Amino acid sequence: MSKYIIEIKDLSKQFPLPNGDILEACKSINITVEKGTSLGIVGESGSGKTTLVRMLMKMLPITSGSIYVDGVDIAHMDKEQMRTYRQNIQMVFQDPMAAFNPRMKVKDIICEPLYNFGLLKKGTEEQIAGDYLEMVDLPRDFMNRYPHEMSGGQRQRVAIARAIVLEPEILVFDEATSALDVSVQDSIAKLLAKLQKEKNLTYLFIAHDIAFVRTMCHTIIVMHKGRIVETLDARHLGDAKEPYTKVLLSSIFEIGKPHHPLTLDIE
Amino acid sequence: MAEQILSVTNLNIAYQGTPAVMDVNFTLERGKVLCIVGESGSGKTTIIRSLMGLLPVGGEVTEGNIIFNGRNVTNLSNTEWRSLRGKDMAMIFQDSGSALDPIQQIGTQFRELFQSHLHMSDKECDAKAIQLLQSVSLSHAAHILHNYPHELSGGQRQRVGIAMAMALDPLLLIGDEPTSALDVTTQSQVIMTMLEKAKELNSAILMVTHNLGVAAYMADYILVMQDGRVVDEGAPQDILEHPKHPYTKQLKDAVPTLEGGRYIE
Chain U
1 MSKYIIEIKD LSKQFPLPNG DILEACKSIN ITVEKGTSLG IVGESGSGKT TLVRMLMKML
61 PITSGSIYVD GVDIAHMDKE QMRTYRQNIQ MVFQDPMAAF NPRMKVKDII CEPLYNFGLL
121 KKGTEEQIAG DYLEMVDLPR DFMNRYPHEM SGGQRQRVAI ARAIVLEPEI LVFDEATSAL
181 DVSVQDSIAK LLAKLQKEKN LTYLFIAHDI AFVRTMCHTI IVMHKGRIVE TLDARHLGDA
241 KEPYTKVLLS SIFEIGKPHH PLTLDIE
Chain D
1 MAEQILSVTN LNIAYQGTPA VMDVNFTLER GKVLCIVGES GSGKTTIIRS LMGLLPVGGE
61 VTEGNIIFNG RNVTNLSNTE WRSLRGKDMA MIFQDSGSAL DPIQQIGTQF RELFQSHLHM
121 SDKECDAKAI QLLQSVSLSH AAHILHNYPH ELSGGQRQRV GIAMAMALDP LLLIGDEPTS
181 ALDVTTQSQV IMTMLEKAKE LNSAILMVTH NLGVAAYMAD YILVMQDGRV VDEGAPQDIL
241 EHPKHPYTKQ LKDAVPTLEG GRYIE
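If you read the sequences in order, they're chains U and D.
Position one of the first sequence corresponds to residue 1 (this note's numbering), numbered consecutively onward.
Position one of the second sequence corresponds to residue 1 (this note's numbering), numbered consecutively onward.
A portion of the hints provided could be inaccurate.
Only pairs whose alpha carbons sit at most 27 Å apart, straight line, appear in this in silico BS3-like list of lysine-lysine [claimed, not checked]: (1) LYS257(U) with LYS199(D); (2) LYS87(D) with LYS244(D); (3) LYS3(U) with LYS58(U); (4) LYS27(U) with LYS241(U); (5) LYS257(U) with LYS35(U); (6) LYS199(D) with LYS32(D); (7) LYS27(U) with LYS58(U); (8) LYS194(U) with LYS197(D); (9) LYS241(U) with LYS32(D); (10) LYS246(U) with LYS257(U); (11) LYS249(D) with LYS257(U); (12) LYS27(U) with LYS225(U); (13) LYS244(D) with LYS190(U); (14) LYS249(D) with LYS87(D); (15) LYS190(U) with LYS199(D); (16) LYS241(U) with LYS58(U); (17) LYS3(U) with LYS35(U); (18) LYS79(U) with LYS105(U); (19) LYS190(U) with LYS257(U); (20) LYS194(U) with LYS35(U); (21) LYS194(U) with LYS249(D); (22) LYS190(U) with LYS27(U); (23) LYS87(D) with LYS257(U); (24) LYS27(U) with LYS3(U).
Chain U stretches covered by chain D per the calculated footprint, using a threshold of three residues with CB under 8 Å from any CB of chain D [said to hold, decoys possible]: (25) 34-45; (26) 185-193; (27) 197-211; (28) 219-230; (29) 243-249.
If you are wondering where the hints come from, they were derived from the structure by calculation, not from laboratory data.
Please read all numbers here as calculations on a predicted model, not as lab measurements.
All residues carry an ideal CB built from backbone N, CA and C; glycine is no exception.
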């Protein structure tokens with residue numbers, strides 16, 4: 001078996017446009033991710049990062065190339081493999097308020113994935129919801145709340161609890177902390193780092209804030225107009241060579257540092 | 001002496017009797033930038049809403065005064081507010097895009113904005129609108145005038161909102177996290193455009209943000225808010241680069257940087 005949990009080979013995605021043109025959202029993408037590590041995908045809106053993740057999540061069909069997860073080609077899975085896959089990979093979105101059913105209590109939100117997979121034994125809901133709430137550093141009695149009775153940070157913790165309740169190996173975060181205050185983002189980041197260590201989870205972070213991504217990831221890939229322009233060791237962003245990566249890095253406002261953003265000359 | 005645009009003294013705001021903002025004082029002069037930072041729920045948005053007379057139902061200024069451009073605006077009627085807003089003070093919301101009219105082209109909305117305050121022909125409006133759209137780094141500005149809001153991306157809509165807020169050269173530009181949802185590159189361009197514009201017109205900017213990097217770059221003066229009170233204030237070099245107050249330090253330590261600590265090994 002491959003040493004990589006995720007292996008993406010020469011992956012492309014084309015969308016036909018109404019005027020007959022073709023939009024190539026992802027162009028020959030190659031990525032490998034080792035188990036238990038975090039990969040950050042950064043780039044502007046329209047760079048193809050969301051399209052890439054949607055293909056990984058099987059929310060979009062692949063145009064060409066392939067994605068292997070645990071050595072299995074996700075485009076050709078039988079029913080049983082598909083079931084396992086859907087448990088094995090989970091996603092956390094930017095706005096949990098939009099992802100939750102507003103009329104469901106927290107305990108039902110957390111246990112719903114188990115219920116959907118027929119893994120929920122009657123009468124165990126409260127025990128399970130309580131345990132997972134504790135895992136994301138929330139009090140057990142939050143299980144009887146509704147989504148609107150919590151702050152944004154608390155809701156995002158519930159979203160994480162719901163994502164890990166199926167004991168997945170891979171978690172995908174699509175701008176999951178970008179709407180949060182820095183101090184809340186800080187506490188969520190600490191929680192995710194702790195969970196990754198305990199459960200040997202593999203993380204994918206999609207974000208436009210390269211400063212945040214570098215604090216959470218081992219490797220960062222920079223996407224621009226559907227291509228990977230650079231792959232970086234998150235500990236050494238200073239090694240960036242590509243002009244576009246330098247533009248991204250120079251656009252970040254930092255306390256106590258002069259701000260001299262670069263621009264791409266070729267547009 | 002520099003001309004004072006805004007003076008807030010002993011401001012107290014309550015929602016249905018529950019205090020949300022307590023004893024806030026600050027002044028803002030022409031050509032200066034003030035940033036208010038703090039977590040959600042700290043009262044920063046409530047303050048700027050009160051400055052625009054846009055407190056939600058149930059919210060009221062219970063004590064204190066807001067003097068804008070020499071005029072006490074604490075208890076204005078809706079009609080009086082309407083003549084001030086847009087022209088003398090303008091606001092950029094976090095999601096300005098959703099404030100656009102979905103069934104009107106952007107150009108039409110610009111014309112309405114200009115013509116409700118000034119005597120301008122359609123042609124003049126369009127020319128000015130194109131210039132404004134270019135200043136927020138929107139390419140194909142002439143084309144965008146014929147677009148409907150749904151035909152633009154979220155970032156483009158936000159930039160249209162920012163251009164509209166700057167359209168009538170307001171004395172005071174108020175921003176509530178105007179760039180938080182934008183890409184880092186666009187954010188950088190928009191922040192610099194706002195500053196250039198303010199400098200050019202000698203107007204003032206009041207920004208609410210949780211991005212301390214942006215605040216440090218833009219602000220001449222920063223207020224740090226916690227639980228409805230100002231807990232720390234000063235020039236960015238003084239309070240952010242070497243924070244003395246524990247809460248400011250805690251906020252700063254939570255900001256991810258390009259060279260600082262990481263959450264993983």
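Hints versus structure:
Between the alpha carbons of LYS257(U) and LYS199(D) the distance comes to roughly 21 Å, so the proposed pair stays at or under 27 Å and holds. Pair hint LYS87(D) plus LYS244(D) does not hold up; C-alpha atoms about 39 Å apart against a cutoff of 27 Å. A distance of roughly 22 Å separates the Cα atoms of LYS3(U) and LYS58(U); the hinted pair therefore holds under the 27 Å criterion. A hinted pair counts as satisfied when its Cα atoms are at most 27 Å apart, and LYS27(U) with LYS241(U) qualifies at roughly 21 Å.
The hinted pair formed by LYS257(U) and LYS35(U) fails the criterion: a straight-line CA distance of about 36 Å is larger than 27 Å. For the suggested pair LYS199(D) and LYS32(D), the alpha carbons sit about 8 Å apart, so the restraint of at most 27 Å is met. Distance check on the hinted pair: LYS27(U) and LYS58(U) sit about 18 Å apart at the alpha-carbon level, within 27 Å; holds. For the proposed pair LYS194(U) and LYS197(D), the alpha carbon gap of about 45 Å is over 27 Å, so the pair is violated.
At roughly 38 Å between alpha-carbon atoms, LYS241(U) and LYS32(D) are farther apart than 27 Å, so this suggested pair is violated. Restraint check for LYS246(U) and LYS257(U): the C-alpha separation of about 16 Å stays at or below 27 Å, so the hint holds. For a cut-off of 27 Å, the pair hint linking LYS249(D) to LYS257(U) stands: about 17 Å separates their Cα positions. A hinted pair counts as satisfied when its Cα atoms are at most 27 Å apart, and LYS27(U) with LYS225(U) qualifies at roughly 9 Å.
Pair hint LYS244(D) plus LYS190(U) holds up; C-alpha atoms about 24 Å apart against a cutoff of 27 Å. The straight-line distance between the Cα atoms of LYS249(D) and LYS87(D) is roughly 38 Å, outside the 27 Å bound, and the hint therefore fails. Proposed proximity of LYS190(U) and LYS199(D) is contradicted: the alpha carbons are some 41 Å apart, above 27 Å. Note on LYS241(U) and LYS58(U): the hinted pairing is violated, with a Cα-Cα distance of about 33 Å set against a maximum of 27 Å.
Of the supplied pair hints, the one linking LYS3(U) and LYS35(U) holds, its CA atoms being roughly 8 Å apart against a limit of 27 Å. Taking the CA atoms of LYS79(U) and LYS105(U), the gap is near 31 Å; set against the 27 Å cutoff, the hint is violated. This hinted pair checks out: LYS190(U) and LYS257(U) have alpha carbons roughly 26 Å apart, not beyond 27 Å. For the given pair, LYS194(U) sits about 16 Å from LYS35(U) by alpha-carbon distance, which is consistent with the 27 Å threshold.
Between LYS194(U) and LYS249(D) the alpha-carbon distance is near 23 Å, which keeps this suggested pair within the 27 Å criterion. Restraint check for LYS190(U) and LYS27(U): not satisfied, since their Cα atoms lie roughly 34 Å apart, outside the 27 Å limit. The suggested pairing of LYS87(D) with LYS257(U) is violated, with an alpha-carbon distance near 35 Å, which exceeds 27 Å. Restraint check for LYS27(U) and LYS3(U): the C-alpha separation of about 25 Å stays at or below 27 Å, so the hint holds.
Only when three residues or more bring their CB closer than 8 Å to a CB of chain D does the claim for the stretch 34-45 of chain U stand; here the count is 3, and the claim holds. Restraint check on the stretch 185-193 of chain U versus chain D: 6 residues with Cβ-Cβ distances below 8 Å, three needed, restraint holds. With a cut-off of 8 Å between beta carbons, the stretch 197-211 of chain U has 4 residues touching chain D; three or more are needed, and the interface restraint holds. Check on the stretch 219-230 of chain U: 0 of its residues sit with their Cβ under 8 Å from a Cβ of chain D, so the three-residue criterion for coverage is violated.
Here the stretch 243-249 of chain U counts 3 residues with a CB under 8 Å from a CB of chain D, which clears the bar of 3, and the coverage holds.
The structure fails hints 2, 5, 8, 9, 14, 15, 16, 18, 22, 23 and 28 (numbered hints given earlier, in ascending order).
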